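S.K.: Using the sequences plus the hints, can you model the full thing?
2 protein chains.
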Amino acid sequence: MFRIGLDIGGTNIVSGVVDNSNKIISRRQILFPKGQPYSVFIGLIVNLIKEQSKELRIQVSDYKSIGICVPGSINREKGTVINAYNLEFHNVPMIEAMKTHFTDIPVFLENDANAATLAELNVGALRGYKTAVLFTIGTGIGGGIILGGKLFNGGMDHGVEPGHMIIDHNGPLCTCGNRGCIETLCSGSWLIKQGQEAIVKYPQSRIYRKTQGNREQVTGKLVIDCAKEGDEVAEDIFYRYVNQLSLAVVSCANLLDPEVIALGGGISKAGEFLFQPLRKLVREKSFFRFPYKIVPAELENDAGVIGAAMLGMI
Amino acid sequence: MFRIGLDIGGTNIVSGVVDNSNKIISRRQILFPKGQPYSVFIGLIVNLIKEQSKELRIQVSDYKSIGICVPGSINREKGTVINAYNLEFHNVPMIEAMKTHFTDIPVFLENDANAATLAELNVGALRGYKTAVLFTIGTGIGGGIILGGKLFNGGMDHGVEPGHMIIDHNGPLCTCGNRGCIETLCSGSWLIKQGQEAIVKYPQSRIYRKTQGNREQVTGKLVIDCAKEGDEVAEDIFYRYVNQLSLAVVSCANLLDPEVIALGGGISKAGEFLFQPLRKLVREKSFFRFPYKIVPAELENDAGVIGAAMLGMI
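Going down the list, the protein sequences come from chains A and B.
Take the first sequence: its position 181, counted from the start at 1, is 188 in the working numbering, and no numbers get skipped.
Take the second sequence: its position 300, counted from the start at 1, is 307 in the working numbering, and no numbers get skipped.
By construction, these hints were calculated from the structure, which means they are not laboratory data.
Note that the coordinates shown come from a computational prediction; the quantities given were computed from them, not determined experimentally.
Please note that the accuracy of each hint is not assured.
Remember, identical chains collapse to one label, so a pair may be satisfied in a single copy or spanning two.
Here are the simulated lysine-lysine pairs, DSS-like style, with alpha carbons at most 27 Å apart [claimed, not checked]:
1. Lys85 <-> Lys200
2. Lys85 <-> Lys300
3. Lys137 <-> Lys85
4. Lys137 <-> Lys41
5. Lys300 <-> Lys157
6. Lys157 <-> Lys57
7. Lys137 <-> Lys157
8. Lys30 <-> Lys85
9. Lys61 <-> Lys106
10. Lys276 <-> Lys300
11. Lys208 <-> Lys85
12. Lys71 <-> Lys300
M.R.: Have a look at this one:
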């Protein structure tokens, strides 16, 4: 028995066919049709599912469910995307549109961070925990919360936004309109911005040398790699980053006292180089001086697809 | 049928005899025996209960339960206070000590903010809500969380500390060791400190005039009263305060999306003068642009006593 999970991002759309043990047996990726009408988007994903199924020799009507996750707010009852700014989706009917093409299959819709949290809870880093938080750290910061062993979608069903807790109210302006949200100080974008500034200010730095003549682009990974290699400018950026991230973790943990906090997204691939100093700082700063676990998320880029495919099982 | 609720504070100990409808029928207050041995403290509260009962002509053995709440962390299993800094209690046996004097009555122990939250949930401002947060704003800031209609004591049973979410990581040093916790920027102490500075800097201000010759002490209430009366210096302090408080509310609400946030403690008595601008700011700043309720707590100083007396009923 197979399910479809679709992870819709502002850059890519990923479609995965997922088996009963929550393994992705087929994975296809296409570009998100930026600036195109919504009907074009629907046509593309319908086609994507059909072609992928043909290749696998699965009858579309045999899928148990189709799950779709989007980076935005959704209305469960109506099956609509309320707002997904990166997709320029505002009050679009997702389930209804899909149902006209797949009449016999249940279609589910979820926020992408919630889908990832669900996947991590069932088959990833949050398995077995009752109270847990996932931060997914990329261009921005999303995340999800597990309470009582279940996905918590906020007290009024609007979702949860751990990336928009404020940790520096005089800090950088956030897309949400506030200053110093966790997203502004702990996202990959913060590392990139610091890296770009370092190129201008410190031509002796490794960040400058690696990117000179555009050999490499400034990424969060590049800054962290330079720090790993002992570059002082990059180290300084990295330790400021780890400190800010520790404040984000502590602030959230002082409120919820979770058993575990998982970090996903590109940043989490920095491994123990990141997690070891982070754990030390968190232990020092936490109100409850207990070493709750801080771990990398496990499903990486597949979390959204797996979580979306899971929606019909819950 | 009556229950005893004891609210132990760093300044006062309050003992209340509470009836079946959660009304306090008798209330006694004594000073906390600062710097005295623990046995003196126990002797004092045992005596307090006995005298109060004699006056009411209630046999001590007739009480349904004795509930005690303290400003600190507790170990439910052992019935001990782990740390209550203001009381200088560190790993003291509370339930055992009480049991030697009241052999036939169940004795319960809880953190004071949790007790207050429980009281507000059952007979106060949080009645009927499933997801709610209480901030109790005094010298410091404590608070409690309701999830799924029940008191949430943290995912690892250490409690919750909404006052120690960080909103300004370059802000004032907090007793917990971090900077810019909600407690440092939204407590009564912040208002007092600003008021005291205003006296030195602005001798034309109403705060100065009211306190000259020590006619009145600088309190949070005095600063707010001066703002109500149109004093510009006090208004400036007050609006900075409301702004900081709005960030605290928003930060917490962006994570939990609660139905209601209640504010207790002395500050909440400022009424609509505080709540109206606060609600406006929160609406502007919240990620979910929904007007979740922001209300004053209802039980005021009695919340701890009523909540402590309730412990046996849960």
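S.K.: A separate judgement is required for each hint: does it hold in the structure or not?
M.R.: For each hint, the structure was consulted:
| no. | hint | result |
| --- | --- | --- |
| 1 | Lys85 <-> Lys200 | neither (39 Å within a copy, 51 Å between copies) |
| 2 | Lys85 <-> Lys300 | between (38 Å within a copy, 25 Å between copies) |
| 3 | Lys137 <-> Lys85 | between (29 Å within a copy, 23 Å between copies) |
| 4 | Lys137 <-> Lys41 | neither (39 Å within a copy, 40 Å between copies) |
| 5 | Lys300 <-> Lys157 | both (18 Å within a copy, 25 Å between copies) |
| 6 | Lys157 <-> Lys57 | neither (33 Å within a copy, 47 Å between copies) |
| 7 | Lys137 <-> Lys157 | both (7 Å within a copy, 16 Å between copies) |
| 8 | Lys30 <-> Lys85 | neither (30 Å within a copy, 45 Å between copies) |
| 9 | Lys61 <-> Lys106 | within (19 Å within a copy, 74 Å between copies) |
| 10 | Lys276 <-> Lys300 | within (17 Å within a copy, 40 Å between copies) |
| 11 | Lys208 <-> Lys85 | neither (52 Å within a copy, 58 Å between copies) |
| 12 | Lys71 <-> Lys300 | neither (35 Å within a copy, 41 Å between copies) |
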